[in-house]
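Protein sequences, first through last, are from chains A and B. The numbers in the working numbering rise by one with no breaks, and the one at position 231 of the first sequence is 231. The numbers in the working numbering rise by one with no breaks, and the one at position 162 of the second sequence is 162.
The hints are simulated quantities; they were obtained by calculation from the structure and are not laboratory data. Please note that a few of the clues may not be correct.
Covered by chain A, according to a simulated footprint, are these stretches of chain B (three or more residues, beta-carbon under 8 Å) [stated by the list, open to error]: (1) 19-26; (2) 38-46; (3) 173-179.
Listed below are the simulated BS3-like cross-link pairs for lysine-lysine, each with C-alpha atoms no more than 30 Å apart in a straight line [claimed, not checked]: (4) A/Lys60 to B/Lys44; (5) A/Lys243 to B/Lys44; (6) B/Lys44 to B/Lys217.
Simulated restraints, written as ranges between beta carbons of each label pair [what the hints assert, rightly or not]: (7) A/Arg21 to B/Met1: 43 to 51 Å; (8) B/Gly112 to A/Ile50: 23 to 31 Å; (9) A/Cys33 to B/Leu157: 14 to 22 Å; (10) B/Gly169 to A/Val105: 54 to 62 Å; (11) B/Val201 to A/Ile50: 48 to 56 Å; (12) A/Phe42 to B/Glu72: 36 to 44 Å; (13) B/Phe13 to A/Glu97: 43 to 51 Å; (14) A/Phe204 to B/Trp41: 23 to 31 Å; (15) A/Ile223 to B/Lys171: 49 to 57 Å; (16) B/Phe195 to A/Ile50: 28 to 36 Å; (17) B/Asn192 to A/Phe42: 29 to 37 Å; (18) A/Ser27 to B/Ile33: 27 to 35 Å; (19) B/Leu157 to A/Val105: 38 to 46 Å; (20) A/Pro48 to B/Leu157: 19 to 27 Å.
Where a beta carbon is used, it is the ideal one built from N, C-alpha and C, also for glycine.
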Amino acid sequence: MRQDMKPSMKPLLRSFGMFIRQISKDSMLIVVCIAPILAAFFFHFGIPIIEGLLCEFFRKTTVLTPYNLLFDLFLSILTPYMFCFASAMLMLTEYDEGMTSYLAVTPIGKKGYILSRLLTPAVISFFASSLLLLYFALTTWAFMMIIMVCLLTSLTSIAVALLVFSISHNRVEGMAMAKLSGLMMLGLPVPFFLLSNVQYIFAFLPSFWIAKLGMEQNVLYFIPALLTSLTWLWILYRKFERKLT
Amino acid sequence: MRTKALLKGDIGFQFKYGFYFLYLVFSVLYIGILFALPFEWREKAALLMVLTDPAAMGLYFMGAIILLEKSEKVLNSIAISPVKSREYVLSKLLSISIISTAVGLAIGIAGGVVSNLLYFSIGVFLASCLFSAVGLIIAANVSTLNAFIIATIPASLLINVPAIAYLFGFKKNWLILHPGVSMIELCSSGQNAIFAFLVLVFWTVLLAALSSRVVGKMLQAVGGVKL
Chain A
1 MRQDMKPSMK
11 PLLRSFGMFI
21 RQISKDSMLI
31 VVCIAPILAA
41 FFFHFGIPII
51 EGLLCEFFRK
61 TTVLTPYNLL
71 FDLFLSILTP
81 YMFCFASAML
91 MLTEYDEGMT
101 SYLAVTPIGK
111 KGYILSRLLT
121 PAVISFFASS
131 LLLLYFALTT
141 WAFMMIIMVC
151 LLTSLTSIAV
161 ALLVFSISHN
171 RVEGMAMAKL
181 SGLMMLGLPV
191 PFFLLSNVQY
201 IFAFLPSFWI
211 AKLGMEQNVL
221 YFIPALLTSL
231 TWLWILYRKF
241 ERKLT
Chain B
1 MRTKALLKGD
11 IGFQFKYGFY
21 FLYLVFSVLY
31 IGILFALPFE
41 WREKAALLMV
51 LTDPAAMGLY
61 FMGAIILLEK
71 SEKVLNSIAI
81 SPVKSREYVL
91 SKLLSISIIS
101 TAVGLAIGIA
111 GGVVSNLLYF
121 SIGVFLASCL
131 FSAVGLIIAA
141 NVSTLNAFII
151 ATIPASLLIN
161 VPAIAYLFGF
171 KKNWLILHPG
181 VSMIELCSSG
191 QNAIFAFLVL
201 VFWTVLLAAL
211 SSRVVGKMLQ
221 AVGGVKL
């Protein structure tokens, strides 16, 4: 019990090693590492080219440029989302095969399981997405803003993965939840397209506040973004604990 | 009779797994997005949505379905039952294509793209069977969800990219020989709809037969017989 409250480092590292080995065996690791870089190159170099073609075709001065920040926000969430998605898929497989319950009673514990499967990948992807945003953003970002947004997107990605794992009873339901959990990202485009106060219907989504933070560049928006993320995480972690009981 | 029982079971499980609820939510979402788009974009957007989601749902879900059946030892029971692999495959393809066709029709009608109800329904139905058959072939050869997802990427690109290119103006007649393109041509009731129908039937039957063979081998393997 004590070990579940505070898992030690060695089992955690072993459990994380298991995760990395498994996703590298599936080739998922290479995809998770390469896809965000390809996306970053595409956003940074491809979008301006497409913008030029679209402006010429529609005879307008701007088509995509007002949404450059939205592309940046998608870039900031892509790495943690992909990493946590791969982890959620592995967790579903492990649960169906009865591995999760075994791991939960080893020194890894429930907390350790979450730490090694979700938090560690999220921390790594936080650094990766910060670097991608620093070098490939289409708009100008203050360093602190990059840190805040990438921290929030990492937390949101953990929430998405927990949602997929905790609500489902097996991997088929997990896949259905994975599809549904994509709606958690719906908050990102909302402030760009819904300009009236109706947009606040989506205030329960952390992604909505992340977009507001990026748009308004007002640090105050960090608070609701963090609070909504932590609320989702708290609710879903309780669900996760019940699932493993 | 056996196929009917399998089909009933598959539909029941798909309902329990939340497929019907999920696609109800996504239908509302897609239709909402369609109405938010400029009128002249709706037709193409609706076809794109139908091709990449409801029609392709078999490719997305089949891995999880088969892997769950493997881990729950459902396939072991099927392997020793009189069920033939083609009946198993038929049930899987039909059960998923029911949802695909219903959702495809809802999106298509809302998007104003359905000029011929019969052609459109057949197009979505056959495309769904085709995607599911590809999903089955891949699922029979993998052991984890991540491996399945990775393996579906090239299949998905191969089917979708030429179809999207055709939809957005790269209209070469020879492209209708491609299964994704034939679905687009059939659903939009194009000039070559009858030919597209024949092409799509050919590809669907071919891939369904191939998936039946692969499933047959998989059932033999889980049944303990490796000849």
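Right, here's what the structure says about each hint:
1. 19-26: holds (count 4)
2. 38-46: violated (count 0)
3. 173-179: With 0 residues closer than 8 Å to chain A, the segment 173-179 of chain B misses the three-residue bar; violated.
4. A/Lys60 to B/Lys44: holds, 22 Å
5. A/Lys243 to B/Lys44: violated, 43 Å
6. B/Lys44 to B/Lys217: The given pair, whose Cα atoms are some 40 Å apart, is violated under the 30 Å limit.
7. A/Arg21 to B/Met1: 43 to 51 Å: holds, 47 Å
8. B/Gly112 to A/Ile50: 23 to 31 Å: holds, 27 Å
9. A/Cys33 to B/Leu157: 14 to 22 Å: holds, 19 Å
10. B/Gly169 to A/Val105: 54 to 62 Å: holds, 59 Å
11. B/Val201 to A/Ile50: 48 to 56 Å: The hint (48 to 56 Å, Cβ to Cβ) is violated, given that B/Val201 and A/Ile50 are roughly 37 Å apart.
12. A/Phe42 to B/Glu72: 36 to 44 Å: Given about 40 Å between the Cβ atoms, the range holds.
13. B/Phe13 to A/Glu97: 43 to 51 Å: For B/Phe13 and A/Glu97 the Cβ distance comes to about 19 Å; the hint is violated.
14. A/Phe204 to B/Trp41: 23 to 31 Å: holds, 30 Å
15. A/Ile223 to B/Lys171: 49 to 57 Å: holds, 53 Å
16. B/Phe195 to A/Ile50: 28 to 36 Å: Since the Cβ atoms of B/Phe195 and A/Ile50 sit about 34 Å apart, the hinted range of 28 to 36 Å holds.
17. B/Asn192 to A/Phe42: 29 to 37 Å: Once the Cβ atoms are compared, 34 Å apart, the range 29 to 37 Å for A/Phe42 and B/Asn192 holds.
18. A/Ser27 to B/Ile33: 27 to 35 Å: Between A/Ser27 and B/Ile33, where Cβ atoms are some 33 Å apart, the hint holds.
19. B/Leu157 to A/Val105: 38 to 46 Å: holds, 43 Å
20. A/Pro48 to B/Leu157: 19 to 27 Å: holds, 24 Å
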